[in-house]
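For the sequence shown, counting from 1, position 50 maps to 50 in the numbering used here; every step adds exactly one.
These aren't lab readings, by the way, just hints derived from the structure by calculation. Note that CB positions come from ideal geometry on N, CA and C, so glycine has one too. Warning: the hint list may mix true and false statements.
As the list claims (entries may be wrong) - Under the rule of at most 20 Å between Cα atoms (straight-line distance), these lysine to aspartate or glutamate pairs were calculated in the DMTMM-like manner:
id: 1; residue 1: K111; residue 2: E199
id: 2; residue 1: K119; residue 2: E133
id: 3; residue 1: K127; residue 2: E99
id: 4; residue 1: K159; residue 2: E140
id: 5; residue 1: K266; residue 2: E140
id: 6; residue 1: K237; residue 2: E211
id: 7; residue 1: K113; residue 2: E25
id: 8; residue 1: K120; residue 2: E133
id: 9; residue 1: K236; residue 2: D206
As the list claims (entries may be wrong) - Computed beta-carbon distance windows for the label pairs:
id: 10; residue 1: N95; residue 2: S252; range: 40 to 50 Å
id: 11; residue 1: N178; residue 2: K280; range: 24 to 34 Å
id: 12; residue 1: S34; residue 2: K68; range: 22 to 32 Å
id: 13; residue 1: K236; residue 2: N12; range: 42 to 52 Å
id: 14; residue 1: F319; residue 2: N12; range: 53 to 63 Å
id: 15; residue 1: M73; residue 2: K237; range: 46 to 56 Å
id: 16; residue 1: Q233; residue 2: D270; range: 34 to 44 Å
id: 17; residue 1: G75; residue 2: Q233; range: 57 to 67 Å
id: 18; residue 1: H258; residue 2: N220; range: 13 to 23 Å
id: 19; residue 1: K135; residue 2: S252; range: 16 to 26 Å
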Amino acid sequence: MQINNILDSIKNNNISSNYLLFGEEDFFIDQIASCFLTSTISESEKIFNEKIFYGKEVNVFSLLSELKSFPMMGGQKLILLREAQKLDKIDELSNYLLEPIDSTIFVVCYKSKKVDKRKKWVKLFQKVGVVFESKLLYGEKISHWIKYNLTEKKIRIEKSAELLLVDYLGNNLSKLTNAINKLSSIVSDSLITNSDVQEHVGIHRDYNTFELQNALGEKNNIKVISIVDYFVQNPKKFPIPPIIGLLFSFFSKILIIHSLKVHSEKLIADKIKVHPFFVKVYISAAKNYSFEDCIQVVGLLKEADLNFKGIKGSTNHTFLKELILRIIY
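Please model the complete structure; the sequences and the hints are all you need to start from.
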């Protein structure tokens with residue numbers, strides 16, 4: 001079942017009693033869970049008939065007892081299990097799903113990973129409820145998602161602005177949603193332009209991680225150093241971990257290009273999961289960095305990631321400049 005169908009059915013009170021929401025994209029799982037919390041139990045009954053549990057904290061047998069109890073004052077009760085992937089003895093859910101109670105709406109949020117569909121409890125969910133896999137979006141699917149959300153707000157977006165937004169924020173739907181909401185409340189003429197994205201989403205025209213990536217790809221060392229100096233002077237605007245993450249993704253994609261035996265830009269874009277509009281940047285960078293160069297850079301970035309996670313304790317932004325200098329020289 002598609003997410004929009006699930007959301008519509010919840011809002012129209014045409015719902016199943018059991019839902020298993022799982023997958024790598026947390027955003028859609030949270031969106032559905034939020035819809036249940038706002039649409040199923042009235043405010044006056046929430047204190048009695050709405051319970052939220054967390055997998056790491058709840059005892060599975062206490063959860064089963066709650067599931068099997070009937071709602072107060074008739075009607076329905078909502079049991080929402082968050083972080084189900086952390087629930088100890090999750091297989092015990094089978095005991096409830098063999099004979100579920102119609103008056104209980106049971107929603108399981110199993111985040112950031114897939115479930116084992118061979119498990120009995122998963123098979124029972126498929127039999128007595130709705131199972132939704134929340135998949136990460138890439139490429140054109142991200143584009144369609146942005147346009148769909150903007151269409152609901154009666155807002156249009158320039159193609160260059162959309163591509164800049166995606167390239168800067170990636171497929172992080174939470175960040176994209178925040179950016180879309182912010183831009184929608186600011187723009188005039190119901191059109192989001194490239195300038196709007198640069199001005200209001202924190203993308204400085206000349207000094208941003210997007211430009212650093214491109215300058216590195218071009219081996220424009222003067223521009224690289226200029227951008228990094230700006231980052232060092234503005235550490236609060238440019239935290240180091242996201243920069244390392246972006247560059248790791250960039251050079252990992254160049255590594256993939258070196259391993260491919262195809263020359264079609266469309267096929268390469270599909271393999272490295274970027275919009276075809278941007279693929280030339282990666283192909284050009286692959287000409288400037290050999291396979292061995294990329295291996296070395298990825299190694300440097302992994303080492304830097306460990307530093308900023310505290311293993312070696314480095315938090316100084318000047319370390320970022322040292323890292324970049326090691327990459328370009």
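Checked hints:
1. K111 <-> E199: 34 Å, violated
2. K119 <-> E133: 16 Å, holds
3. K127 <-> E99: 11 Å, holds
4. K159 <-> E140: 12 Å, holds
5. K266 <-> E140: Roughly 12 Å between the alpha carbons, so the hint for K266 and E140 holds.
6. K237 <-> E211: Roughly 15 Å separates the two Cα atoms, so the pair holds.
7. K113 <-> E25: 8 Å, holds
8. K120 <-> E133: The hint holds at about 17 Å.
9. K236 <-> D206: Satisfied, since the Cα-Cα distance of roughly 17 Å is no more than 20 Å.
10. N95 <-> S252: 40 to 50 Å: 44 Å Cβ-Cβ, so the 40 to 50 Å window holds.
11. N178 <-> K280: 24 to 34 Å: For K280 against N178, whose Cβ atoms are near 29 Å apart, the range 24 to 34 Å holds.
12. S34 <-> K68: 22 to 32 Å: 26 Å, holds
13. K236 <-> N12: 42 to 52 Å: At 46 Å between Cβs, range holds.
14. F319 <-> N12: 53 to 63 Å: Once the Cβ atoms are compared, 55 Å apart, the range 53 to 63 Å for N12 and F319 holds.
15. M73 <-> K237: 46 to 56 Å: Holds - the Cβ-Cβ distance for M73 and K237, about 53 Å, lies within 46 to 56 Å.
16. Q233 <-> D270: 34 to 44 Å: 39 Å, holds
17. G75 <-> Q233: 57 to 67 Å: Between G75 and Q233, where Cβ atoms are some 60 Å apart, the hint holds.
18. H258 <-> N220: 13 to 23 Å: 21 Å, holds
19. K135 <-> S252: 16 to 26 Å: Given a distance of about 20 Å, which is inside 16 to 26 Å, the answer is holds.
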